[in-house]
Every structure is written in structure tokens, then in C-alpha cells.
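Enquirer: Please model the entire structure based on the sequences and the hints provided.
When you line the sequence shown up against our numbering, it's residues 172 to 326, in that order.
Take every hint as true, because none was put in to throw you off.
Derived Cβ-Cβ restraints for the label pairs, each shown as a range:
1) E216 x K248: 16 to 22 angstroms
2) K296 x S217: 28 to 34 angstroms
3) S211 x H258: 27 to 33 angstroms
Mimicking DMTMM-like on lysine to aspartate or glutamate, the simulated pairs with C-alpha atoms at most 20 angstroms apart in a straight line are:
4) K308 x D267
5) K248 x E282
6) K190 x D224
7) K215 x D245
8) K248 x E206
FYI, nobody ran anything at the bench for these hints, they're computed from the structure. Predicted model only: the values in this text are computed from it and were never measured. Built from N, CA and C at the ideal position, the CB exists for glycine as well.
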Amino acid sequence: MQIAELLTPANIILDLDSKTNEQAIEAMLQYMQQELHCLSAEQKESILQGFIDKEEQVSSGIGYGVAIPHFRTDLIKAPLMVYAHSHAGINFHAPDQQPVHFLFMLLVPEEQKNEHLAMLAALAKLVRSALRRKSLKEAATAEQVLNILTTTIPD
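Expert: Dropping the structure here:
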């Protein structure tokens, strides 16, 4: 499954106003529940607890201002993704200790382990481009973000 298949303008949060990694994860799940209507309140709470437990073990911050909180669960039937941009930056305890501005939340059905790993690899490859990250920082609309994420940019 391609990122372009999961990400639409509706799945893009242009100004995530969270101070901590837990607040950011909760806000993105809340967005999935209330705006996208793809999670129930019970699913959101269960997945949130899974994310919090996972973040306590290992950070989803990967460096370069990027975090990819991801989780496999039997509570969903198809992969879900939300992108969020934090102008202020959030401490995700990334290896480079830089604040996170670009967040890609990925939820995948439990049984789709290979697809999960493939999507993580595709996201990591996508955001390693400094030019793409610069373009994302400057994007003013969800459509611009989507175009930046789906257009080939040299590494």
C-alpha cells in the first residue's frame, strides 16, 4: 500500500498545538476519532494506551525533526494514517535531541506485519530528504503537503 493511498487532505493537520509527545499522539488519535470518524472512543482510548506504553519503551522520534508513531492493533480493519505539523516543535526524545515538527501517525491491523514494515520504510525514506522537510515546513495548505509527500524529490 502506498502512502498516497492512505493520506488525503482530510488526514492532514497543519498546526498541531501539543507540548509533549503524549499530547501529540492523543491529539492525532482524537482527530481520527472526531474529524475522520474512523475510530470509536473506546478504540481511541485503547490505542492511546498502547502508544503511551510503546513510547515509554522506545521513542517514535527518528531525528531530523520527524516522528513516526506507529502501532499494530486488532481494533482496525485497514491501515490509517494522519500527518501533523507542529510549528513550535515537540520533544519526542529523538536520537538527535531535536524537536519534532513533522509527525506521521500510522495504525495498521495486527495481521499486516509486512505491510506495516513496508510503510515504515517508505516513510523513513520519504522524510530523509532535507529539501522535502524544508518544503513541508513551508507548506500552507493540506493540498501542498500532500503534493510534497507524493512528488519525487531527490535525496
